[in-house]
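Student: Here are the chains, one letter per residue:
Protein chains: 6
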Amino acid sequence: MSVLDVAGQRAETLVEALPYIRRFAGKTIVVKYGGNALAGTSSHDALALFAEDIVMMRLVGMRPVVVHGGGPQISELMAKLGKETEFVDGLRVTDAETVDIARMVLKGQVNPQIVASINVHGNYAVGVSGVDGGLIRAKAHDPRLGFVGEVTAINADVIEGLLDNEFIPVVATIGSDETGQAFNINADTVAGAIAEALHAEKLIYLTDIEGLRSDLQDAASLIRQATVGHLDQLIADGIIAGGMIPKVASCQQAVRSGVARAHILDGRIAHVLLLELFTDDGIGTMVVPDPVSDSGVTQ
Amino acid sequence: MSVLDVAGQRAETLVEALPYIRRFAGKTIVVKYGGNALAGTSSHDALALFAEDIVMMRLVGMRPVVVHGGGPQISELMAKLGKETEFVDGLRVTDAETVDIARMVLKGQVNPQIVASINVHGNYAVGVSGVDGGLIRAKAHDPRLGFVGEVTAINADVIEGLLDNEFIPVVATIGSDETGQAFNINADTVAGAIAEALHAEKLIYLTDIEGLRSDLQDAASLIRQATVGHLDQLIADGIIAGGMIPKVASCQQAVRSGVARAHILDGRIAHVLLLELFTDDGIGTMVVPDPVSDSGVTQ
Amino acid sequence: MSVLDVAGQRAETLVEALPYIRRFAGKTIVVKYGGNALAGTSSHDALALFAEDIVMMRLVGMRPVVVHGGGPQISELMAKLGKETEFVDGLRVTDAETVDIARMVLKGQVNPQIVASINVHGNYAVGVSGVDGGLIRAKAHDPRLGFVGEVTAINADVIEGLLDNEFIPVVATIGSDETGQAFNINADTVAGAIAEALHAEKLIYLTDIEGLRSDLQDAASLIRQATVGHLDQLIADGIIAGGMIPKVASCQQAVRSGVARAHILDGRIAHVLLLELFTDDGIGTMVVPDPVSDSGVTQ
Amino acid sequence: MSVLDVAGQRAETLVEALPYIRRFAGKTIVVKYGGNALAGTSSHDALALFAEDIVMMRLVGMRPVVVHGGGPQISELMAKLGKETEFVDGLRVTDAETVDIARMVLKGQVNPQIVASINVHGNYAVGVSGVDGGLIRAKAHDPRLGFVGEVTAINADVIEGLLDNEFIPVVATIGSDETGQAFNINADTVAGAIAEALHAEKLIYLTDIEGLRSDLQDAASLIRQATVGHLDQLIADGIIAGGMIPKVASCQQAVRSGVARAHILDGRIAHVLLLELFTDDGIGTMVVPDPVSDSGVTQ
Amino acid sequence: MSVLDVAGQRAETLVEALPYIRRFAGKTIVVKYGGNALAGTSSHDALALFAEDIVMMRLVGMRPVVVHGGGPQISELMAKLGKETEFVDGLRVTDAETVDIARMVLKGQVNPQIVASINVHGNYAVGVSGVDGGLIRAKAHDPRLGFVGEVTAINADVIEGLLDNEFIPVVATIGSDETGQAFNINADTVAGAIAEALHAEKLIYLTDIEGLRSDLQDAASLIRQATVGHLDQLIADGIIAGGMIPKVASCQQAVRSGVARAHILDGRIAHVLLLELFTDDGIGTMVVPDPVSDSGVTQ
Amino acid sequence: MSVLDVAGQRAETLVEALPYIRRFAGKTIVVKYGGNALAGTSSHDALALFAEDIVMMRLVGMRPVVVHGGGPQISELMAKLGKETEFVDGLRVTDAETVDIARMVLKGQVNPQIVASINVHGNYAVGVSGVDGGLIRAKAHDPRLGFVGEVTAINADVIEGLLDNEFIPVVATIGSDETGQAFNINADTVAGAIAEALHAEKLIYLTDIEGLRSDLQDAASLIRQATVGHLDQLIADGIIAGGMIPKVASCQQAVRSGVARAHILDGRIAHVLLLELFTDDGIGTMVVPDPVSDSGVTQ
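Going down the list, the protein sequences come from chains A, U, B, Y, H and D.
Residues 1 to 299 (my numbering) are what the first sequence spells out, left to right.
Residues 1 to 299 (my numbering) are what the second sequence spells out, left to right.
Residues 1 to 299 (my numbering) are what the third sequence spells out, left to right.
Residues 1 to 299 (my numbering) are what the fourth sequence spells out, left to right.
Residues 1 to 299 (my numbering) are what the fifth sequence spells out, left to right.
Residues 1 to 299 (my numbering) are what the sixth sequence spells out, left to right.
One chain only, chain A, in its complex shape (with noise of 0.2 angstroms):
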């Protein structure tokens, strides 16, 4: 293919393009960046896939939030540093050293690596973690479990003010109390109640599966959008469980506060976010509001 055939196969893709770019145009999109994504062997090329589709989001005018969390690279700091894990009631405790070395690894090693591989393209990316302007303030989520916390509020000023000056905010999800004290806080859960504070348009999830399923057990009962009722209702019959709860609950909750759409989405397919953006069917699993009048259940 002649160089002039490639450029107008391009040109031809962009157009295409069009109508979605436009539609999302100056809208607030909040993802959430599994830490799994950045632990893998093939890691780092996933990184540079996920930073290109955050910077062409922010060069085609939208306003790009990125939450993440850093689970492994936290148990294999404390694997390194010989620090093993104390139980209470067969319940993980976070005790003051660990929650130390969770705030050093997201805000010290897995944050700036997300900042670094954004940056790479232009000085676009600003690192935030929760006591950073008070962004997320935290209290203990249950006191025998020590510095676990839940978020009490949101200040997402310092947010807002790096969107307004055309930065792209990448969020490290450790919170803080009122006298500073660090709290480890579940980044899914963080994730939403950004996107709720920042009347996001959308909040989307990156995870390794491929969306919500309505059978556990079968590839072809993907859930391809579903009303936040669907979700109560899939809960309540233990198909959603386990590690999903956080991230659908908080694809409720956003939607049930005014975030247009959350979208569960497969982080392991190469430049998920785009397709997701530009694509009319869209990938993975879409949450949409309840209907209005109606007491039904989409799919």
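Rather than coming from a laboratory, the hints here were simulated on the basis of the structure.
Identical chains share a label here; the pair holds if one copy fits it or two copies do between them.
Here are the simulated DMTMM-like pairs of lysine to aspartate or glutamate, each with C-alpha atoms no more than 25 angstroms apart in a straight line:
hint : residue 1 : residue 2
1    : K27       : E178
2    : K27       : D266
3    : K139      : D45
4    : K27       : D157
5    : K27       : E166
6    : K27       : E201
7    : K139      : D100
8    : K139      : D89
9    : K83       : D142
10   : K139      : D177
11   : K139      : E178
12   : K83       : E150
13   : K27       : D290
14   : K83       : D100
Since the structure is predicted, the reported quantities are computational estimates derived from the model, not experimental observations.
Since the structure of chain A is already known, use the hints to place chains U, B, Y, H and D on it.
Tutor: Relative to chain A, chains U, B, Y, H and D alone:
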């Protein structure tokens, strides 16, 4: 190819365009669109493609300005009205009736056609002519030729206001003097003068030739890049002549006044604007400044 | 009279205008200027006087918007082109060629004439039509009549942008649908719709009658002031009829939607706009809202 | 004359003022209003006329600043209080009590009188004196004369803030030193210094003479226009003397520092400000810069 | 104590003030400064201390507004001028001459004194009276008493403009009616009305008493805090009487209209403003809103 | 001492600080906070005192920027991880793992500790490192030493954005190159480069020495003030040596580039920042520009 594959290819292509999008974000780009392009049988399709390119430029953050003429359309209406052209010493005279017809066609027919094509995609384009906000101040070029004008001043306030309000200005090249008398002015010249007044990054002429040639008979002699000095030589040698003179002289004048690059492109190629903007090599002929400390000619 | 006396009288006159100037400072005033006014033998002088009034309004701090039609000019060009009007069931049809001619005349002839007359005084006026910035969205009024449109939406962003940049918008009343297809729309109706969209203080129709009469045969029956309810009665009684209906209905609609006052003035009187604006009694017919707690009719 | 005729004449007159209104839109004009003008029997009427002129200037877009003294009023209060003036070497001394009386009269009597007259027309005027916002910094002119001050610096922030908020500043010419000690300062000098600090377009002195004369005894010798160089000559020749010196020197200083025009007008003529601003010939004496490449004297 | 120790202590003290500084940053605080405070032998020193407090408030980010009267100073000038007070039915009459004297003293003597004291520290203060920008619109309280006014409207634009430009407004409490006629108005009432118009955080009266007492004869009965309802009771019981009524009524009115706290402080204590603002307990009497769901009286 | 007396003393002290507060209002002050200060046994208290000073600076209107290193904390984590330092030619090498550890400690441990201490007082501080918004662009200092970086460019946009939004930036001194590779950079050097880029008023180093000495053995030889030229001499003479070199060179470089004053203070003194800012004599060593027309040395 599956839907996912198509979308994947689209994502890849978008990502490949990233560095080009970044480079021109916030830059003003003046595009001269020829009346010929609107006159042919396939003109409607060509105009639709052109409109897509302009909207895409705007959506990825550029500030495009469209300048157009409409010679064939003027001739057509004159023919319908049975109006014959006068000559003085063999030169075509623009009498009062003719300039009124020209204004009617350019502002009332060609301009809204272009505006409407762009606005299929949204409320982007706003048409103006030289009398609006005093944009193009003109005087008679040669009194014997009547109301053929030359530019005496550009007052770009109205265009800058529209750009700042995120509109796409579409300019019909009718100027006026201080009494409001209309003048018909060469659209190529106006495009250059506006690019200069706006301190544009690029001035692009869409023509019906492939580009400049160093040997008119030899398609292989296409000049890919020329300094303004080189063009002086080609004009002196008679290689650039006739209708190309105003375009080339406007390119030279614009580049000498600070416009970074001027381009002569083949408007018959689909999406030629995006091709030029999103390809390293570019296409057609690019005019660049003379090297600073050097009398040489680049090719 | 000495130079000093003349100047002294001028000073006195200016000072008498003080309270009127103060009252309308910063207010938006939409003026419908009729195509008839431009068609007569003394049209050039009338236009010059009108332009002076508009510029004066702008200089003393009002925000004037001019809306115009151009029926006689359209008919004239159709005649020159040998284009005959078709009729369906006795109604005049606007076919594709006719609406193109209308657009050409309104946007390409009448509009720049008005703009040029105003701009003799400075770079004030900018002409727009309904397609510019999606200003007037229209649809077919009655499919059998072709491209006669009715307003479906006004998007006043382009006008507000021009007013905020201290320009005087001059609007040609050609609308378009979402495909860019042009429609010819009654200019009286458009003027009212724009006044409503801009939350204008006043809507003024310049006509070739003295004002509304309660007895068509009796010049002494001129109605100086009428509530919108009173006008309903006059229409029901057949006293307001024919071409006056769109004007009167637009006055009623505008006043019902929050425009404080609507006026039907005699455009043949020199400086009639300044007369209306700078006299306590006013002239012509003024339309005011119905009294709030009252079903009565004011006269 | 009918109501319509009167209104028509008013409209004509307004339109004649158009070019003058346009010329001074947005321009800062400093007007020195003399204490004498406020002291006479018909002072109330004169002040009302003056207030109308100032409000009109503001309504047509100028930025007027009023500067005033109040010598006669100070003398009057001193007389009532039985306070006698001391002399040193034949020169009048301003002791502490006298400067307090001056401040009380200027800021507490004359200034609010002018402000109130203007504000009959709306909430336009705000009175300030030299101590407000550090507007006029002063020091003793000659220690033997006590608290007679000369200007050491103008800090125009408070005036510019008021002008930007669309108020009309009215300035009482009491200055103060860094300890807050008040000084009485020649109001003519202050007016010039403020015009200079504001980069005013015009500095206008309202006096009780017709203008400067080249022969004091000959009313026909009124000087209509003089360069600053010409005035040096007239001072050297003793033709300009006494109380006119501070006015003329301030005119010269202001014009030399970039104020375009300075004027000495006869404040006894009704609406003399509008006369000057809305007449080509102007009245009184106008001071203009020296010709650039010329040592000559213009008349 | 060494220089370092002194500085160390200073640092400690500043740090102790931190929470108070933070609490009031950006808040508007209206301070009524009594004419009495300016009349005594040590008035100069007291004024200097007061000025320091006001400047400190401004420098740590508050928006202070000073309102003052000047009864003793008015009486003093009236005495000097041999002007005697008339009585009607035993009530003091303010005739035209008296209100002129009041204006002269308040605006021309007391106001610039306060402004000058503040401006020893920088160009902070700007004096205004009720006529400036139409700040205080007034009418006669009782026609028999002449020009004693009551507030009909506050137009705070001029004060808000000054605050936004980071000036400290100092208000002389002379109002005016729509003809510009001056009225002398109780300064306590004006202070309350201005606090209300500005939605101030605090209204503070500096008086020459320690605070309100529940038993006038018993210094130990100082009321530290009272609800507005409690004050109604104290007035009904005759415990609050005489000159305290306007202050207390203004406190009540202001707190009822949304001012968070009103204070009656002893202006004879050095730096009493900073004491109140930087102490948890506060001093003097603080007026707070009635409890929302409770008819009770707090003490 | 009574509560009132304590408060009174506090008021006096605040008032004494007035001129210093005024002098630095709106000024940017860069403070280098050493990692040593955070490492000691009383580090928590010292950090709390430091945070109070920084918040006080912000509340009285300065724009503080904190820059910090964290050498001891890095060594501590390396020891825990059993990581040994390599040497090349006797110089310490920073390999890839080491720079990752440094980043983790600086950005993930020291930085949030400082941010949290400041934010006990409100949502003031926001932590950033060199990769955020491309703040610190770096390259290898000496390839043999690995990822020890030197500053190639400072892009202060992110810091200026935070300051304009009224946040306090806290900077971890990890830089990165255009590929996103992290480099560990001397924090003293970074502090100077940032002060220069921000056109700061002051650059302050908090150290664990009293200041510079002219005789290292003699505590009495403390240098209170030195010109940059004098410091050249002291370096040449070997009096300034070792770890002080980067601090002193950065002071010199910053002052030569327009920073008005640089200071070397003893961070072990409580509230040393407020002491320096609120004392005429200051403490520690102050570096000032060379006298303009003079080769001399000031001491």
